[in-house]
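Engineer: Here are the chains, one letter per residue:
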Amino acid sequence: MSLLRLRRASLSYPAGGGSVEVLRDVDLTIRRGEFVTVLGRSGAGKTSLLNLAAGFVAPSSGAVEVDGRPVTGPGADRAVVFQDDALLPWLDASENVAFPLRLKGAGRAERLERAAALLRLVGLEGHERKNLWELSGGQRQRLGIARAIAAEPEFLLMDEPLGALDAMTRDRMQELLLKVWRASGAGALLITHSVEEALFLGTRVVVMEPRPGRIGLDEGLDFSARFLEGVPARALKAEPAFIAARERLIAAIHAEEAA
Amino acid sequence: MTVSATNLPERAASRFPSGGRPALPAAFLRRLPVFAALFTLTAVFGLWWIASARGWAPPVFLPSPDRVWKAAQIAADTGYASATLGQHAAASLGRVMAALLVTLLIAVPAGFVLALSPVGRGLLDPLIEFIRPLPPLAYLPLVIIWFGIGEGSKILVISVAMFAPIAISTAFGVGSASESQVRAARSFGASRFQTLRHVLLPAALPSIISGVRIALGAGWTTLVASELVAASRGLGYMIQSAAQFLVTDMVIVGILAISLFAFGFEILFRLIERFWLPWSRRR
Ligand SMILES: Nc1ncnc2c1ncn2[C@@H]1O[C@H](COP(=O)(O)OP(=O)(O)OP(=O)(O)O)[C@@H](O)[C@H]1O
Ligand SMILES: [Mg+2]
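Protein chains in written order, with the working numbering: chain A, 1 to 259; chain B, 1001 to 1283.
Accuracy of the hints is not assured; some may be wrong.
Here are the in silico distance ranges between beta carbons for each label pair [as the list claims (entries may be wrong)]:
#1 B:P1278 x A:G17: 25 to 31 angstroms
#2 B:G1175 x A:D166: 47 to 53 angstroms
#3 A:I243 x B:A1027: 57 to 63 angstroms
#4 B:V1119 x A:R234: 26 to 32 angstroms
#5 A:E113 x B:A1027: 40 to 46 angstroms
Simulated coverage check for chain B against chain A, where a stretch passes if three residues somewhere in it have a Cβ under 8 angstroms from a Cβ of chain A [to be verified]:
#6 1123-1130
#7 1175-1182
#8 1256-1268
Far from chain A, by Cβ distances over 12 angstroms, these chain B residues were calculated [what the hints assert, rightly or not]:
#9 F1112
#10 S1153
#11 A1203
#12 L1205
#13 P1206
Hint data in this document are derived by calculation from the structure and do not stem from the laboratory. From the three backbone atoms N, C-alpha and C, an ideal C-beta is built for every residue, glycine too.
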C-alpha cells in the first residue's frame, strides 16, 4: 500500500529581503484508495501544499515522501490536474489524453486505443478527433482528468479541477470523478472552495488555517463510499448528517476571523 | 459576386424595414478586403501604364510595363549581367535560404536560452540589443574585412540581420506555454528534454514562424546590400549592374522578382499557419 506523506513540512518563499512562511509543520498522509479533500480560505496555502506533494517545490524544512523515499521532483506516480485544464491545443482530444503514454514512448496505435478507452470512461466517446476549441469547458476538464489517469499514477493531485464549471455540470462531474477515482485505485488529493464538494467527494477532509498554513481540522467521511454503494447524490446532500457537517466545516474555515 | 437587381429590394426590405442601406450578400462582404487589395494593385498598375503611355515621364525614368515585360523576357532567355534571370534568382534565393537555415540553427536555441535561463538571458541580451538596431550596410564593410568577399560573408551578413527577430520571437513563444501546461507534463513524468520537445517547442512554433516572416523581410533587404559587393550573380547584383547603366526596365524586373519571392513566402507561411498550426488562432 503506497503512501504519500508530508512530514513536518514547512515552506517559505523569499519576500522583500527576508522570507514569508507559507506552510508550517504540515503533517499529512494520503494512502492509495483514499480521497482527501482540502478546504481553507483563499491564501491559506492549499496550492502550496499541492505543489509540495507534486514535487514542484521543495520544503524548506521537513520532508515529502512516497513510501518512505524522499520526493525530489515531479514524477509520473503523482499526476496533477489544474483548474485551467492545462491541455495542449496542438493535439486533438485523443492525443491529449494519451500524452502521458507518448512520454513513455508508446506508439500511435497503442495511444489511440488507450485514449479511446479513457474517453469512454469520462463519457467523451465519439470526440476522439475533436480539437480542443471544439469542446466545452466541462468536456475539456474531463479530458484533463482522463489524461491524468492515463499516467496511471499512484496519486491524483487536483487543484480546484471543477472550480470553473457551472453548478449543474459540476454536480455531474463530481459523480464522474468519484467513479474514475474508484476505477483507478489511486489516492486522491483535491483542493476545493466548495464545502459540499469536499464533503461529497472525500473519504477525509482537512481544513487549512492561514498564516502560516497549517492543518486544522482533519476528519473522516463516508458520503462518497455510500454514493458508490448506490445512494443518490441528492439524497446524501440532503441528509441531516451532511448538513451538520457542512455547518461545522464552514465554522472551522472561518474560525480565525470570528476569534 | 454580383448584387443582382432582382433580389436587392427584397433583401433591403427584410433587413432594413424602415429604409436604410441595402444589405450586400455576406460572401461579398467577407471578400471585401481581397477586392480592396486587387483594386489597389490595379490602380497602381493602371497609373504606371497611363503615365508611361502619355509620356508624363521619360522612359529612362519610367519605362512602360510593356518594356519591362520585354526586359524580363530578355533577362530570362538570353540573360543580363552575365547570367539569366533564373540564375540570378537562384543565387539570391540560395543565399537567403542558407542564411535562414544557419540562423534557425543558432537563433532558436538562443531564444530558448533567453526564455529559460536568467543567466543565459544576461549573457545574450547585450549582444542582441547591440546587433538589433544596426543597419546591415554599417557592419557589411567590417564583415568583409574580417571574412573576405566570398559566399560566406554574404550569408553571414544576412544571418546577422535575421538573428534578432528569430531569437526574440522564439523566446516570446517559449514563454507562451503556461506554467500549468509545463507542470502537468512534468507530473506525467516528462523529463526536462521531453518538456522542451513536447510542450515548449510546439507552444513556441507559431511565434517562431512569425519571427521567420519578419526575418525574411530583413533578409531580402540585406541581400541586396550584400550583393552590392563583389558578387557576380544575384538579383541585388543584377539591379545594381542595371542601375549603373540606367537600364531602368531591368532594375524594375529585379525589384519585381524580389517582391514576387517575398509574396510567395508570405503565401507559404499563411498556408503553414492555416494547415499546420490551426490552433494558434483559436485560443
Ligand atoms: N511563488 C510564490 N512566491 C511568494 N509567495 C507565494 C508564492 N505562491 C504563493 N505565495 C503565497 O503563499 C500564500 C499561500 O498561497 P496559496 O496559493 O498556497 O494559497 P491557496 O490556499 O491555494 O489560495 P487560493 O484558495 O486563493 O488558491 C499566499 O499568501 C501567497 O501570497
Ligand atoms: Mg490555490
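Engineer: Between B:V1119 and A:R234, does the beta-carbon spacing fit 26 to 32 angstroms?
Structural biologist: Once the Cβ atoms are compared, 57 angstroms apart, the range 26 to 32 angstroms for A:R234 and B:V1119 is violated.
Engineer: Is it correct that the beta-carbon of B:F1112 has no partner in chain A closer than or equal to 12 angstroms?
Structural biologist: The claim stands: B:F1112 keeps its Cβ more than 12 angstroms from every Cβ of chain A (closest is about 18 angstroms).
Engineer: Would you say the region 1256-1268 of chain B counts as covered by chain A, given the rule of at least 3 residues with C-beta under 8 angstroms?
Structural biologist: violated (count 0)
Engineer: Between B:P1278 and A:G17, does the beta-carbon spacing fit 25 to 31 angstroms?
Structural biologist: violated (48 angstroms)
Engineer: Decide, holds or violated, for the assertion that all CB atoms of chain A are farther than 12 angstroms from the CB of B:S1153.
Structural biologist: holds (39 angstroms)
Engineer: Per the hint of 47 to 53 angstroms, is the separation of the Cβ atoms of B:G1175 and A:D166 within bounds?
Structural biologist: Since B:G1175 and A:D166 have Cβ atoms about 32 angstroms apart, the given range 47 to 53 angstroms is violated.
Engineer: Is the nearest Cβ of chain A still more than 12 angstroms from the Cβ of B:L1205?
Structural biologist: violated (8 angstroms)
Engineer: Count residues of the region 1175-1182 of chain B with a Cβ under 8 angstroms from any Cβ of chain A, then say if the count reaches three.
Structural biologist: Our answer is that it holds, as 3 residues pass the Cβ test (under 8 angstroms) against chain A, meeting three.
Engineer: Between the beta carbons of A:E113 and B:A1027, is the distance compatible with 40 to 46 angstroms?
Structural biologist: holds (43 angstroms)
Engineer: Holds or violated: the region 1123-1130 of chain B covered by chain A, criterion of 3 or more residues with Cβ-Cβ distance under 8 angstroms?
Structural biologist: violated (count 0)
Engineer: Take a quick look at B:P1206 and tell me if its Cβ sits farther than 12 angstroms from every Cβ on chain A, holds or violated.
Structural biologist: Non-interface label on B:P1206 violated, nearest chain A Cβ at 9 angstroms vs cutoff 12 angstroms.
Engineer: Does B:A1203 really sit off the interface, with its C-beta more than 12 angstroms from all C-beta atoms of chain A?
Structural biologist: Given a closest Cβ separation of 8 angstroms, the condition is violated.
When held up to the earlier numbered hints, the structure conflicts with 1, 2, 4, 6, 8, 11, 12, 13 and fits the remainder.
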